[in-house]
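Model the full assembly from the supplied sequences, consistent with the hints where possible.
Number of protein chains: 2
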Amino acid sequence: MRLTILGSSSATPIYDRHPSSQLLSVNDHLYLIDCGEGTLFRINDFKIKKNKIIAIFISHLHGDHFYGLIGLLTTMSMHERTETLTIVSPARLKDIIQLQCEISKTIIRFPINYVEFSQESKEIYTDSNATVTTIPLEHKIDTCGFLFSKKHADRKVIKSKIEEYKLTNSEIAELIKGNTVQNSEGKSIQMSDISEKNLDTKTFAYCSDTQFSKSYIPLISNIDLLYHESTFLQKDKNRAIDTKHSTASEAAEAARLANVKKLLIGHFSARYLDLEPLLEEAKLVFENTELALEGKTFLI
Amino acid sequence: MRLTILGSSSATPIYDRHPSSQLLSVNDHLYLIDCGEGTLFRINDFKIKKNKIIAIFISHLHGDHFYGLIGLLTTMSMHERTETLTIVSPARLKDIIQLQCEISKTIIRFPINYVEFSQESKEIYTDSNATVTTIPLEHKIDTCGFLFSKKHADRKVIKSKIEEYKLTNSEIAELIKGNTVQNSEGKSIQMSDISEKNLDTKTFAYCSDTQFSKSYIPLISNIDLLYHESTFLQKDKNRAIDTKHSTASEAAEAARLANVKKLLIGHFSARYLDLEPLLEEAKLVFENTELALEGKTFLI
Chain E
1 MRLTILGSSS ATPIYDRHPS SQLLSVNDHL YLIDCGEGTL FRINDFKIKK
51 NKIIAIFISH LHGDHFYGLI GLLTTMSMHE RTETLTIVSP ARLKDIIQLQ
101 CEISKTIIRF PINYVEFSQE SKEIYTDSNA TVTTIPLEHK IDTCGFLFSK
151 KHADRKVIKS KIEEYKLTNS EIAELIKGNT VQNSEGKSIQ MSDISEKNLD
201 TKTFAYCSDT QFSKSYIPLI SNIDLLYHES TFLQKDKNRA IDTKHSTASE
251 AAEAARLANV KKLLIGHFSA RYLDLEPLLE EAKLVFENTE LALEGKTFLI
Chain G
301 MRLTILGSSS ATPIYDRHPS SQLLSVNDHL YLIDCGEGTL FRINDFKIKK
351 NKIIAIFISH LHGDHFYGLI GLLTTMSMHE RTETLTIVSP ARLKDIIQLQ
401 CEISKTIIRF PINYVEFSQE SKEIYTDSNA TVTTIPLEHK IDTCGFLFSK
451 KHADRKVIKS KIEEYKLTNS EIAELIKGNT VQNSEGKSIQ MSDISEKNLD
501 TKTFAYCSDT QFSKSYIPLI SNIDLLYHES TFLQKDKNRA IDTKHSTASE
551 AAEAARLANV KKLLIGHFSA RYLDLEPLLE EAKLVFENTE LALEGKTFLI
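Those protein sequences? They're chains E and G, same order as listed.
The opening residue of the first sequence carries number 1 in my numbering; numbering runs sequentially from there.
The opening residue of the second sequence carries number 301 in my numbering; numbering runs sequentially from there.
Worth double-checking, as some hints may not be accurate.
What the hints assert, rightly or not - Under the rule of at most 27 Å between Cα atoms (straight-line distance), these lysine-lysine pairs were calculated in the DSS-like manner: (1) G:Lys-502 to G:Lys-347; (2) E:Lys-161 to E:Lys-50; (3) G:Lys-352 to E:Lys-105; (4) E:Lys-105 to G:Lys-596; (5) G:Lys-394 to E:Lys-140; (6) E:Lys-214 to G:Lys-405; (7) G:Lys-422 to G:Lys-502; (8) E:Lys-105 to G:Lys-477; (9) E:Lys-52 to E:Lys-105; (10) G:Lys-451 to G:Lys-349; (11) G:Lys-440 to E:Lys-105; (12) G:Lys-596 to E:Lys-244; (13) G:Lys-451 to G:Lys-352; (14) E:Lys-237 to G:Lys-405; (15) G:Lys-349 to E:Lys-105; (16) E:Lys-94 to G:Lys-440; (17) G:Lys-477 to G:Lys-456; (18) E:Lys-140 to G:Lys-405; (19) G:Lys-583 to G:Lys-596; (20) E:Lys-122 to G:Lys-451; (21) G:Lys-394 to E:Lys-94; (22) G:Lys-394 to G:Lys-405; (23) G:Lys-352 to G:Lys-502; (24) E:Lys-122 to E:Lys-261; (25) G:Lys-394 to E:Lys-105; (26) E:Lys-94 to G:Lys-405.
Stated by the list, open to error - The calculated label-pair distances, taken between Cβ atoms and stated as ranges, are: (27) E:Phe-46 to G:Lys-352: 30 to 36 Å; (28) E:Asp-16 to G:Lys-459: 47 to 53 Å; (29) G:Thr-501 to E:Lys-140: 47 to 53 Å; (30) E:Thr-297 to G:Asn-522: 54 to 60 Å; (31) E:Asp-16 to G:Asn-522: 42 to 48 Å; (32) G:Glu-587 to E:Val-115: 35 to 41 Å; (33) G:Ile-407 to E:Asp-16: 26 to 32 Å; (34) E:Phe-46 to G:Pro-411: 36 to 42 Å; (35) G:Gln-398 to E:Thr-297: 36 to 42 Å; (36) G:Pro-518 to E:Asp-142: 42 to 48 Å; (37) E:Lys-140 to G:Lys-535: 51 to 57 Å; (38) G:Ile-412 to E:Asp-16: 28 to 34 Å.
In case anyone wonders, no lab produced these hints; they're calculated from the structure.
This one's a predicted model, so the numbers in the text were calculated from it and none came from an experiment.
Positions of the beta carbon are idealized from the N, C-alpha and C atoms, including for glycine.
Right under this line is the structure:
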């Protein structure tokens, strides 16, 4: 899995930081997470093939998380997308998209599969690459984060067994398909003979926007990468309480409690030109933290 | 009057060109014309004081002309605008804005005066600086351009008369206020003695989007500056017909027929990386033409 940050500003764009959006690539299948205004520009800037996006996940309906959606959809249509796009969001996003299309007499020429979630943890999306579960968060309006789990083959090949049985590449391919193969020594071999149960999985959780709460910690336990919003510094904690956002220190506390491997902090307030103090504050609580800087890609 | 180009791409952003938007400054009072996605970013880039915008004019409800509006309005509100904003547009833009606010539980904390126009030429807006008249255009949906006329004082002072009557600055100020003044020679003087009728006016028309038509030529005759869309080159004329847009040559023909002083062409198709051929084509018909390049300001 690869995560590219397209926007990590909070409510308003500033200092060349833009509203929330991220692109998650799982086995080269693309998923867009939130779609603030100008996401289309970032997609162009970073030369992302927008019509390869399979599904878009919108965490909540504050404008800085979805105002870029309608422009992206109409441009996908102009660029002759035909494949179905899944849009996962809270209720009524469809109403907004449809009203805009109706009034502007715009026809989106590909099917959209709208999937609406409510404020509960539930497997909301699955395909051959990934499964996505909602993470109920605590914000001013209904908001869910998303836990992405990369699917893996059930079994993985043991290298030493290939050497032991002197298997060719085409024989291995047959075994993976589920067929039985006779090797050069006449032995009948099956997939179970050369493989073990695949326990590898990769997990990424997106938690924005939310005030810090222990309620969602069990849903993000032991994951590989956590993106947690970190709108404010601890010194502006009162502002975080008023607006139901988190501080850098709280984001790090969530990472520590959930025992995640790595933390990314983002959704930075316009009041901070310099982001280093946010990073320093988080690192005091959880060392393996990085800033979600726009254009940066993180391997998971 | 000063016109700054914020975006001059047609339907989709490309080559660092952005959807339609322009800022017109009349005596330092700001008017925004169209508001494609990302207009807020351009306003930030060019350090424009967004809360000084008095009125926003939306020519039609295709997305590349208004998708940036909701983000601008919510940001104006967050930045504590209190003054009324006038929004001039075709019918039902208000429905879109209100639905988005309702679903996202967003309150815009300043009054909006929605003014809706229909497909006719009419004085639609006036304040102490400018008068705006709609220009019915010919596009796929109801669309009007806008003719901005800068208001001027009714009379202007004749310099030689000031010398003749030996008037001081404070005496001139009194005369302008409408008072009678006795000069150093005891003569009783009024404003009419030192001024003549002011025939100075400045006019700017915005014509986008439209196919070329003689129908709107009388409404833009003899103006100082015409912005006319020029989506295509003449060699792509069939595409212009299909999409109800104009070619560079047609934009220039409109300028020639209307006998305007200067032409700006914009709303460039994504198919042209190099804009010089559009300029060359227009100049063959109307010499005093310039490209509406983003960030450029034109004095009127």
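Please flag the earlier hints that this structure goes against, numbers listed from lowest up.
-> 2, 3, 4, 8, 12, 15, 20, 32 and 36
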